[in-house]
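A.B. asks: Residue-level listing of the chains:
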Amino acid sequence: MRFAMAVDTRKCVGCSDCVVACQTENDVPIGYCRDWIVEVNDGTYPQLEMEIRSERCNHCTNSPCVRCCPTGASHYSDGGIVLVTPHKCIGCGACIASCPYDARYPHPKGYVDKCTFCLHRVKEGLPPACVAVCPTKCLTFGDTDDPRSEISLLLKKRKFKRLIPEAGTNPNLYFLI
Amino acid sequence: MREEHIISGRMNPLVDPSLNIWHWQIPLYLFVGGVSAGILFFAALYYILGKDKETPAAVRLAPLAAPVLLVIGLGALFLDLNHKAWFWQLYMTLRIESPMSWGAWTLMVITPVSVIWCATWIKELRPGWVWRYSFLDDLEVFFIRYRSALAWIMLIFSVILGVYTGILLSAFNARPLWNTSILGPLFLASSLSTGAAVIMMVAKSHAERDLFSRIDLMMIGIELFMIVHMFMGFKASTQVQIDAANLFLGGPYTGVFFIFVVFLGLLLPAFLEILEMRGRKIPVYITSGLVLTGGIFLRFIIVYAGQASRYLY
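Chains as they are written, first to last, in our numbering: chain G, 1 to 177; chain H, 1 to 313.
Derived from the structure by calculation, the hints contain no laboratory data. Since we're looking at a predicted model, the values are computed, not measured. For every residue, glycine included, the Cβ atom is placed at its ideal position computed from N, Cα and C. Treat the hints with care, as some may be off.
Said to hold, decoys possible - Straight-line C-alpha distance at most 20 Å; calculated DMTMM-like pairs for lysine to aspartate or glutamate:
{"no.": "1", "chain 1": "G", "residue 1": "Lys11", "chain 2": "H", "residue 2": "Glu4"}
{"no.": "2", "chain 1": "G", "residue 1": "Lys11", "chain 2": "G", "residue 2": "Glu25"}
{"no.": "3", "chain 1": "G", "residue 1": "Lys159", "chain 2": "G", "residue 2": "Asp143"}
{"no.": "4", "chain 1": "H", "residue 1": "Lys235", "chain 2": "G", "residue 2": "Glu166"}
{"no.": "5", "chain 1": "G", "residue 1": "Lys161", "chain 2": "H", "residue 2": "Glu4"}
{"no.": "6", "chain 1": "G", "residue 1": "Lys109", "chain 2": "H", "residue 2": "Asp80"}
{"no.": "7", "chain 1": "G", "residue 1": "Lys109", "chain 2": "H", "residue 2": "Glu3"}
{"no.": "8", "chain 1": "G", "residue 1": "Lys88", "chain 2": "H", "residue 2": "Asp80"}
{"no.": "9", "chain 1": "G", "residue 1": "Lys88", "chain 2": "H", "residue 2": "Asp16"}
{"no.": "10", "chain 1": "G", "residue 1": "Lys161", "chain 2": "H", "residue 2": "Glu3"}
Stated by the list, open to error - Computed footprint of chain H on chain G, listed as stretches where at least three residues anywhere in the stretch have a Cβ under 8 Å from a Cβ of chain H:
{"no.": "11", "segment": "23-33"}
{"no.": "12", "segment": "63-75"}
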């Protein structure tokens, strides 16, 4: 099992609904966020191109954050989801510095916090909160090890890119282009 | 033109707009840890070589600074933690992949060993010293008998401590400036140089001061070579590493790096040491002080600039 997410950059309108849904679902402290929207504008008028991406932790297969964690608080959970165990985390910040996507932040309570792919919902058969609320249905969550899953079929059909693959992290967020 | 920005207003404290998770605590620790590694390395080395009579400052006097510096460093590391009450989790596991984990264990070994080392020499440094409790006398006799074992432990762990402060940073591939394997040897050379500077300061005989002045000069030479080598490597590497090098070659860290590290911390003390070798009288506090200042600036600049260096994004 290998959980991953596909983000359709052709459908995303950058409404930030995923950001708010995540903050509500996961009780993210005020002023923080686990997912965010990046807008890329390329070219000069009138030859302009725009790409909008809903981004979050890439739940990398080769996670630098798991590798550098001195206590084992950062670990791989079900389906390769990268999680932090708060009562093992000492808040040293090594994982925050190690993430090329800047996907982690120190929670005001001291431990490091990040996107969990809403594992608590996934275990109940529900999609992550951001996926559930997306009004354009641009987010697809699923198991890439299963060749018949929706995400696997989508990745076969569409062209995609991943962010900073040259950092050697083997990320599991796919951006359909 | 290409513009890329976060439009959902992400402003996570200590992460945005650019990484700012490590402040003065980490570079201070890297510096004091490095100085103690240097001091303990020379103490162990000259004891093992059987030269503790010729180099009393290196073997007996300077190591007194090491436990103090290590405790300051440990205190700084503790202050750096955001989840302080769980710090003991560091010692519930040993994770070989994580330099921070084996660094923590190295500190756990070298700090008590450095205290014991100092205690075995205390009666020679302070004649008439009396232990308050008699079991300490027994312990002293025991450890004096195994002094060479202590020296070997110190020799090995001081090298690990000196090199680990650099490896800790170089393990982060997300920060291109740190992601160079030369950082470990560079910090080790700086550790030995700053350690030698402390020994120079406390040495009473001219011969010993001269010896460590020469060692320091050699270390400065090695550091200069490695700094040049580091930038050459960056410049010949990928775009992110070219950008990392440019932080120092025209970017915001150029002035502070070349003035405080390269000129005041390396070239000037090297020049003063050469003058001294030729017979001029240079106050040792100036030379040593410059070397130590250079060492502390090197750590601060590398830690801060590294957090400013990132992947194209």
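A.B. asks: Out of the numbered hints, which ones does the structure contradict?
C.D. replies: 2, 7, 9
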